[in-house]
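Colleague: Given the coordinates of chain C, work out where chain E with the ligands should sit on it, guided by the hints.
There are 2 protein chains.
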Amino acid sequence: MNVFRRKMATLASVKQARKVVCIGRNYADHIAELNSARPKQPFFFLKPSTSILLPGEGPVIRPRGVDLHYEVELALIMGKEVKDLEADDEKAAFDAIDSYALGIDMTARNAQWEAKKKGLPWSISKGFDTFLPLSNIIPKSALPNPHKIDLYLSVNDKVQQSDNTELMLFQIPRIISDISKVFTLEKGDIILTGTPKGVGPVVPGDVMKCGIKVDGKEIEEAKIEVA
Amino acid sequence: MNVFRRKMATLASVKQARKVVCIGRNYADHIAELNSARPKQPFFFLKPSTSILLPGEGPVIRPRGVDLHYEVELALIMGKEVKDLEADDEKAAFDAIDSYALGIDMTARNAQWEAKKKGLPWSISKGFDTFLPLSNIIPKSALPNPHKIDLYLSVNDKVQQSDNTELMLFQIPRIISDISKVFTLEKGDIILTGTPKGVGPVVPGDVMKCGIKVDGKEIEEAKIEVA
Ligand SMILES: [Mg+2]
Ligand SMILES: [Mg+2]
Ligand SMILES: [Mg+2]
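Taken in sequence, the protein lines are chains C and E. Under this note's numbering, the first residue of the first sequence is numbered 3, with each subsequent residue one higher. Under this note's numbering, the first residue of the second sequence is numbered 3, with each subsequent residue one higher.
There's no promise every hint is true.
If several chains are the same, the list does not tell them apart, and a pair holds so long as it fits within one copy or across any two.
As the list claims (entries may be wrong) - The list that follows gives simulated cross-link-like pairs (lysine to any residue, SDA-like), each with its CA atoms no further than 20 angstroms apart:
1) Lys42 / Lys118
2) Lys120 / Ser38
3) Lys119 / Ile33
4) Lys120 / Ala30
5) Lys183 / Asp131
6) Lys17 / Glu188
7) Lys211 / Gln162
8) Lys118 / Phe172
9) Lys189 / Ile99
10) Lys17 / Asp217
11) Lys85 / Arg64
12) Lys120 / Lys219
13) Lys160 / Gly218
14) Lys17 / Lys215
15) Lys142 / Glu83
16) Lys118 / Phe45
17) Lys85 / Leu56
18) Lys85 / Thr132
In case anyone wonders, no lab produced these hints; they're calculated from the structure.
One chain only, chain C, in its complex shape (with noise of 0.2 angstroms):
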């Protein structure tokens, strides 16, 4: 028995994360959606931690003028520090995740469309205050395979995502892998790793869940109920 056990990350620290880094088009279905090109290699942008927002701390807030997408994913946080991490060591790839979570990467859709069109940073249009919902912290044993488990959303009960995590395009050690040749990651870093088809906008007084299913089974921990 391990007596100086770690001590799992806590929503507090969560929170207190210094970066938030999430994969762009991480799923096929996804990308057809929104009409966007296939990556040949992971890509990815910056939340700011600001923009994070805690089981019951109140509902996500639309901007003026915002037309407000949902996008839920599996979202990794690290405990301990990774660089330059080579991409088939997977052991050390889950050995760096400290837990997971699950989030909604909030996205100010016709300030990306605009950013996009207009080769500017995406940084304002996901990074507004509350628009990454997380969930309470999934310990790595309820996880087993984090690439066969099934993310759901669904908007005022009718279900709009559904789909398996075995769908990513690039799997985590490799998402690990790619950020850490360009950021070191941090202990405490948060990262997403993309969202399967079906987004779409929600307006104030929508309510969406969101969860986790293995095997069919809900993940309690994963459970997001958010105005």
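Modeller: Same frame as chain C, but now just chain E with the ligands:
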């Protein structure tokens, strides 16, 4: 005399910044030199805090295949939380600034061109480790008018950038206001205010020196010398 005088930011605290927000295209001549469109309002993007390189921490690392450009910029170090600041509240904007620094917004220009062309995020081209050399901290008292200071940058002792901050398209209160309406600014956050004309490439071995002059007088804290 204020007995409970607030302590100024330290280099250690700067390294712990949770957010680095950078304004793009804030000097007309720099917009012209990159054939960019003049923005109707400030736009901005994030650099990860892992890109910060403090004085004495060594050289900027050029990733393989990268066309590395310098952009000298005045940096603001925030002293308090700011949210939804009105653009005309100049007093509140300046009160929220703890101190200044000089920074070099290192940019993988070829990666950025490609991202612009494809409508992809700028995070990778702006975010590599060591891509944000910072000077020592400059007390506010040293820059009584930050809109009237000379920024300069030389490469191997040849001056490449040299302009006055009076040329900013959007001044500091407007910048802080616009950012604060998207992301809550937190104590310790860093804002880069854009670069004047003269950006260009550096290769390993080149030495960049930059600084700030006020009325022709060098500000010691602002000096950066980095390979
Ligand atoms: Mg970006
Ligand atoms: Mg996403
Ligand atoms: Mg810049």
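Colleague: Each hint: holds or not?
Modeller: Going through the hints against the structure:
1. Proximity of Lys42 to Lys118 under the C-alpha cut-off of 20 angstroms is found in both arrangements, the shortest distances being 18 angstroms within a copy and 17 angstroms between copies.
2. Proximity of Lys120 to Ser38 under the C-alpha cut-off of 20 angstroms is found in both arrangements, the shortest distances being 15 angstroms within a copy and 10 angstroms between copies.
3. For a Cα distance limit of 20 angstroms, the shortest separation of Lys119 from Ile33 qualifies both inside one copy, at 16 angstroms, and across copies, at 18 angstroms.
4. In this assembly of identical chains, Lys120 and Ala30 lie within 20 angstroms of each other by CA distance solely across copies; the values are 18 angstroms between and 24 angstroms within a copy.
5. Proximity of Lys183 to Asp131 under the C-alpha cut-off of 20 angstroms is restricted to the inter-copy arrangement: shortest distance 9 angstroms between copies versus 28 angstroms within a copy.
6. Taking the closest pair of Cα atoms, Lys17 and Glu188 come within 20 angstroms of each other both inside a single copy (14 angstroms) and across two copies (13 angstroms).
7. Within a single copy, Lys211 and Gln162 get their C-alpha atoms as close as 10 angstroms, which meets the 20 angstroms cut-off; across copies the closest is 54 angstroms, which misses it.
8. Within a single copy, Lys118 and Phe172 get their C-alpha atoms no closer than 22 angstroms, and across copies no closer than 23 angstroms, so neither meets the 20 angstroms cut-off.
9. Taking the shortest Cα distances, Lys189 and Ile99 sit within 20 angstroms of each other inside one copy (9 angstroms), while across copies they are farther apart (29 angstroms).
10. For the identical chains of this complex, Lys17 and Asp217 are neighbours neither inside a copy (30 angstroms) nor across copies (44 angstroms), given an alpha-carbon limit of 20 angstroms.
11. In this homomeric assembly, Lys85 and Arg64 come within 20 angstroms of each other (Cα to Cα) only across copies, at 15 angstroms, whereas the closest approach inside a single copy is 36 angstroms.
12. Proximity of Lys120 and Lys219 under a CA criterion of 20 angstroms is satisfied in neither setting, with 44 angstroms inside one chain copy and 40 angstroms between copies.
13. With identical chains, the CA atoms of Lys160 and Gly218 are at most 20 angstroms apart within one copy only, with a shortest distance of 18 angstroms there and 66 angstroms across copies.
14. For the homomeric pair Lys17 and Lys215, neither the shortest alpha-carbon distance inside one copy (25 angstroms) nor that between copies (39 angstroms) is at most 20 angstroms.
15. In this assembly of identical chains, the alpha carbons of Lys142 and Glu83 lie at most 20 angstroms apart only when taken from the same copy (18 angstroms versus 35 angstroms across copies).
16. For the identical chains of this complex, Lys118 and Phe45 are neighbours both inside a copy (14 angstroms) and across copies (13 angstroms), given an alpha-carbon limit of 20 angstroms.
17. Taking the closest pair of Cα atoms, Lys85 and Leu56 come within 20 angstroms of each other only across two copies (19 angstroms); inside a single copy the shortest separation is 28 angstroms, beyond that limit.
18. Only between protomers do Lys85 and Thr132 lie at most 20 angstroms apart by alpha-carbon distance; the minimum there is 13 angstroms, versus 29 angstroms within a single protomer.
Consistency with the previously given hints fails for numbers 8, 10, 12 and 14, ordered from lowest to highest.
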